[in-house]
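Just so you know, the protein sequences line up as chains A and B, in that order. Quick note: the first sequence uses numbering that gives the first Met the number 0, first residue 0, plus one each step. Quick note: the second sequence uses numbering that gives the first Met the number 0, first residue 0, plus one each step.
Think of the hints as simulated: they come from the structure by calculation, not from any bench. Certain hints may be false.
The list cannot tell twin chains apart, which means a pair is met if one copy fits it or any two copies do.
Simulated pairs of lysine-lysine, DSS-like, Cα-Cα distance not exceeding 30 Å [to be verified]: (1) K6 to K65; (2) K191 to K375; (3) K371 to K308.
Protein chains: 2
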Amino acid sequence: MAHQHPKGTRDFFPAELAALHHIECAWRTASVNAGFDEIEGPTFEHLDLYTVKSGEGIVSELFSFKRAGGDVDYALRPEFTPTLARMAAAKGRSLSVPTKWFGIPSHFRAERPQRGRLREFKQWNVDLLGIDAPSADAEVIATAIHALAELGLTHNDVVVRISHRSVVTSMLLESGLDASQLDQALALLDKKEKMDDETFLSKVNEAGLPEAAFTQFDGNTEISHPDLDVLQTELSRWGVADWCTFDFGIVRGLAYYTGIVFEIHERSGAERAIAGGGRYDKLIEMFGGPAMPAVGFGMGDVVLSLVLKDKGLLEEGDAYMPTPEVFVVSASDEGDDAIPNIVSSLRAHGIHARQSYKTTRNVGKLLTEAGKTRAKNAIILGAELEEGNVVVKNLESGEQIQVPLASVVEHFS
Amino acid sequence: MAHQHPKGTRDFFPAELAALHHIECAWRTASVNAGFDEIEGPTFEHLDLYTVKSGEGIVSELFSFKRAGGDVDYALRPEFTPTLARMAAAKGRSLSVPTKWFGIPSHFRAERPQRGRLREFKQWNVDLLGIDAPSADAEVIATAIHALAELGLTHNDVVVRISHRSVVTSMLLESGLDASQLDQALALLDKKEKMDDETFLSKVNEAGLPEAAFTQFDGNTEISHPDLDVLQTELSRWGVADWCTFDFGIVRGLAYYTGIVFEIHERSGAERAIAGGGRYDKLIEMFGGPAMPAVGFGMGDVVLSLVLKDKGLLEEGDAYMPTPEVFVVSASDEGDDAIPNIVSSLRAHGIHARQSYKTTRNVGKLLTEAGKTRAKNAIILGAELEEGNVVVKNLESGEQIQVPLASVVEHFS
Numbered sequence: 000m001a002h003q004h005p006k007g008t009r010d011f012f013p014a015e016l017a018a019l020h021h022i023e024c025a026w027r028t029a030s031v032n033a034g035f036d037e038i039e040g041p042t043f044e045h046l047d048l049y050t051v052k053s054g055e056g057i058v059s060e061l062f063s064f065k066r067a068g069g070d071v072d073y074a075l076r077p078e079f080t081p082t083l084a085r086m087a088a089a090k091g092r093s094l095s096v097p098t099k100w101f102g103i104p105s106h107f108r109a110e111r112p113q114r115g116r117l118r119e120f121k122q123w124n125v126d127l128l129g130i131d132a133p134s135a136d137a138e139v140i141a142t143a144i145h146a147l148a149e150l151g152l153t154h155n156d157v158v159v160r161i162s163h164r165s166v167v168t169s170m171l172l173e174s175g176l177d178a179s180q181l182d183q184a185l186a187l188l189d190k191k192e193k194m195d196d197e198t199f200l201s202k203v204n205e206a207g208l209p210e211a212a213f214t215q216f217d218g219n220t221e222i223s224h225p226d227l228d229v230l231q232t233e234l235s236r237w238g239v240a241d242w243c244t245f246d247f248g249i250v251r252g253l254a255y256y257t258g259i260v261f262e263i264h265e266r267s268g269a270e271r272a273i274a275g276g277g278r279y280d281k282l283i284e285m286f287g288g289p290a291m292p293a294v295g296f297g298m299g300d301v302v303l304s305l306v307l308k309d310k311g312l313l314e315e316g317d318a319y320m321p322t323p324e325v326f327v328v329s330a331s332d333e334g335d336d337a338i339p340n341i342v343s344s345l346r347a348h349g350i351h352a353r354q355s356y357k358t359t360r361n362v363g364k365l366l367t368e369a370g371k372t373r374a375k376n377a378i379i380l381g382a383e384l385e386e387g388n389v390v391v392k393n394l395e396s397g398e399q400i401q402v403p404l405a406s407v408v409e410h411f412s
Numbered sequence: 000m001a002h003q004h005p006k007g008t009r010d011f012f013p014a015e016l017a018a019l020h021h022i023e024c025a026w027r028t029a030s031v032n033a034g035f036d037e038i039e040g041p042t043f044e045h046l047d048l049y050t051v052k053s054g055e056g057i058v059s060e061l062f063s064f065k066r067a068g069g070d071v072d073y074a075l076r077p078e079f080t081p082t083l084a085r086m087a088a089a090k091g092r093s094l095s096v097p098t099k100w101f102g103i104p105s106h107f108r109a110e111r112p113q114r115g116r117l118r119e120f121k122q123w124n125v126d127l128l129g130i131d132a133p134s135a136d137a138e139v140i141a142t143a144i145h146a147l148a149e150l151g152l153t154h155n156d157v158v159v160r161i162s163h164r165s166v167v168t169s170m171l172l173e174s175g176l177d178a179s180q181l182d183q184a185l186a187l188l189d190k191k192e193k194m195d196d197e198t199f200l201s202k203v204n205e206a207g208l209p210e211a212a213f214t215q216f217d218g219n220t221e222i223s224h225p226d227l228d229v230l231q232t233e234l235s236r237w238g239v240a241d242w243c244t245f246d247f248g249i250v251r252g253l254a255y256y257t258g259i260v261f262e263i264h265e266r267s268g269a270e271r272a273i274a275g276g277g278r279y280d281k282l283i284e285m286f287g288g289p290a291m292p293a294v295g296f297g298m299g300d301v302v303l304s305l306v307l308k309d310k311g312l313l314e315e316g317d318a319y320m321p322t323p324e325v326f327v328v329s330a331s332d333e334g335d336d337a338i339p340n341i342v343s344s345l346r347a348h349g350i351h352a353r354q355s356y357k358t359t360r361n362v363g364k365l366l367t368e369a370g371k372t373r374a375k376n377a378i379i380l381g382a383e384l385e386e387g388n389v390v391v392k393n394l395e396s397g398e399q400i401q402v403p404l405a406s407v408v409e410h411f412s
C-alpha cells in the first residue's frame, strides 16, 4: 500500500501551498507594515517550557519525545507564546521598549483532528511587549484586522469579540462570588456559548455559584466600565471600532491572560474562532525575564482558510502560483541545443523562464503548452536561428517580433 | 534558571531571521525562475517512511515518537526525499512530465551537534521528475548555482564535485572487484578523503579488496567515459561548466542514488559540503508510484551561512531587515491623539509606518529615534496641526514640506 501523510497533517501540492502563501503574505505584510519584526524559534522545545505554566489544558495535547539514548524530554511546539517569553527573557533588560515581534511557524496539537482543527497547522503570532496601555491593545487588534482586510474580509464578515479579565473578575466578585470560586466561574463562562441558558444555569447552581454573578453579562454590550470606555476610544482612533464588539462570553482557556482577551469570529458564528489573544503582563517575568507587559494574538491558517473559502475569497486551482515571463520552445535540432543556454542566461538575470521538454516540432502544440503555464511571452527557436535571430511572441496580444539571439536577455531585463 | 532552547536548535531573533530569509529568498528566486513549483509536507511522517529505504544510516539519527495513548510511530523529517517520493506516488499517473518541485522546510537530525551540523536546520530541496537525461542533471545543478551566484558566490569560491554511480561501479567491476564487494567498496571510497593515502590503502587491503580498483581514481579528472562526456557537454550548454569538476571520491551515503551524484563544496575545502544530490531513478516506484526517473539535491542553511560569513557575503546586524517608509512623531497632545489614525491608515494602504511610543516633546530626540529605524521619511505632528497640516521630512535629504493631514496617505501611496 502507498504511504500516507500522518492523520491530521497535510501535503501541500503546488496550488495548495500557493494558497497558503497568499494568506501568509497578508499576515507578513500587515506585520511588517505595522513595525513588527519577524522571529522564529525551534520546532520543538524542552517539555518543561510548557508544563511550568498553570494552563494545564494544553499538556495532554502535546507530542512529546526523547532522543534515542537521551534523557531530555522534548515537545513539539503547541503554541508560540512560551517560546516568545523564553526568547524575551533571554534578552532581558537589553530588549527595546516596545519590542514588537511576529512569527508564522508551524504548531502541533495531538488532539483528535476535526473541521478547523488539525494536528499540524501554521499560526501567525503577533506580540507587542513593553507597553501597558489600551492603545497597544488596539494596535495589535488593528494589525490583525489589516491582514483580514487585505484578504478581502470586511467588518460585515468578521467580528472581534473583546472581553476584559479584570472587568469580568471585578463584576463577578462584586456580585457576591467568592475569590476562591473565580477559576471555576471563568471556566463555566468560557463554555456558556456551547449550551442553552437552562443547562448553563443548572451548571451554575450545581457548582454552588450565585446566579446573579452570571446573568449580569446577558445583553452584555451595554455594560459600562472605565477600562472599556478607554479601550473603545482607542479602537476608534485606530479606525477599527466597526470591527469590534464587547462580549463577556469570551474568556480564553489559557490562565496567563491578565487584561483584555479577544477572539475573532466569522460574524454569523460559522466555523471556530479565527484568532484569539489578549494581554499577558506577568508571563515574561514568569519565564525569568524582566517585568514586561505584553499583548498579542495567534491566528491559525485552518479556520481562516475555511472562512475565506466559504466567502469565495480563496480561489481554487493555480490562481496564486507564479507565472513565467518567458516560455522557450524549439522547432529544430539547433533550437534544442540552444535552449539550455537561453533559459539559463534568462534565469541568471532574475527572469522566470521555462522551456518545453517535448520533442514535437509542432509550434502550435508547443505554444499551447506555453499558454497553459500562463507565460507572458514565448521565444520560438525556428528557421530564424540561422540568421542569429529568435521570434518573441507576446502571448497576450499575439504580437510577434524578431530579436537577435545575443540580445534576448537584454530584451527581457 | 532561565529556559534554554534545546541543544542543536536555534532562536532566530529579528536580525538573524532576516539573514536566513536573505538566503531563503535566493533559493526561492532561483527555483521559481527555473520553473520549479514549491511544495511542503508534514513536519513529521510515519516512521516507516524512513525505514523502508535501504539507507539505514539515517535511522539512528531520527527523533521518533508516539502520540500519548496512540500506537503509531512517527519521526521528525530528517530529509525531504521520502516525503517528495510519497507525494509523487500519491499523484501517480496524473503527475505531469516533467514535474519540477522544490521546498524549503525544516529538517531534524538527532546526531551530536557540531560546526555545520545542527539538530534542526532549513534545507532547500530541488527535484526534477520524469526526465532521464543529462540535460536534466545539468539543469538541476544550474539551479543550485544560480542561487549561490545570487548570494554573491563565484566559481572561484565554490565547486560542484560530480561523480557517477554507474561509471564508478563499472570501473570498480572492470578492475577486478566482485559484485558482492560493491557496497563495501563504495563505503570506503566515501571515506577516502577523511584519511591519508597510506591509511586508505591499508583499509582496502584489510577488507580484501583489490588496490587497483581504487588507485585508478587518483588524478580522477582525466578519466574518460561516454556518460561523462555527454554530461560535460550539457554543463557547458547550461553555462555552468566553470563551476563543476568530476571527482570520483564523491559517493554520497544514501543508497537510493542510481546515476550522477554530486556535492557542492567551498573550493579550498573549508567547511562541510554545502549541498548534495544526485539521480534516483527507482525511488518513486519504490514508494508505490509510477516508474519515474528523478534528479535532485538538498542544500542546508547551516554550512552555507558559514561559507557566506567566511567570505564576507553575509552582513551582520540589521542589514536585511525591512525599513519603514514613514516614522510618525508627535510634539503635542493633539499629535499624540492623531498618531493612531495616521499610522493605521498608512498601514491599511500597504505602507510600512512606525511611530514613537516615547512621551518626550523633543523633536530632535524623536527624529534620532526615527533615524535609528532607517525610516525614509518622518511625519512630525506639531503646531501645524492647528491648521490641519503635518510636516513631512525626508530623512535622507533633510528636505521638509507641509502636507494636509487629510492627504497624508495619498502623499505616500
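Hints and how they fare:
1. K6 to K65: Cα proximity of K6 and K65: in one copy and across copies (22 Å, 13 Å).
2. K191 to K375: neither (55 Å within a copy, 50 Å between copies)
3. K371 to K308: Intra 25 Å, inter 42 Å, cutoff 30 Å: intra-copy only.
Going through the hint list in order, the structure does not satisfy hint 2, though it satisfies all others.
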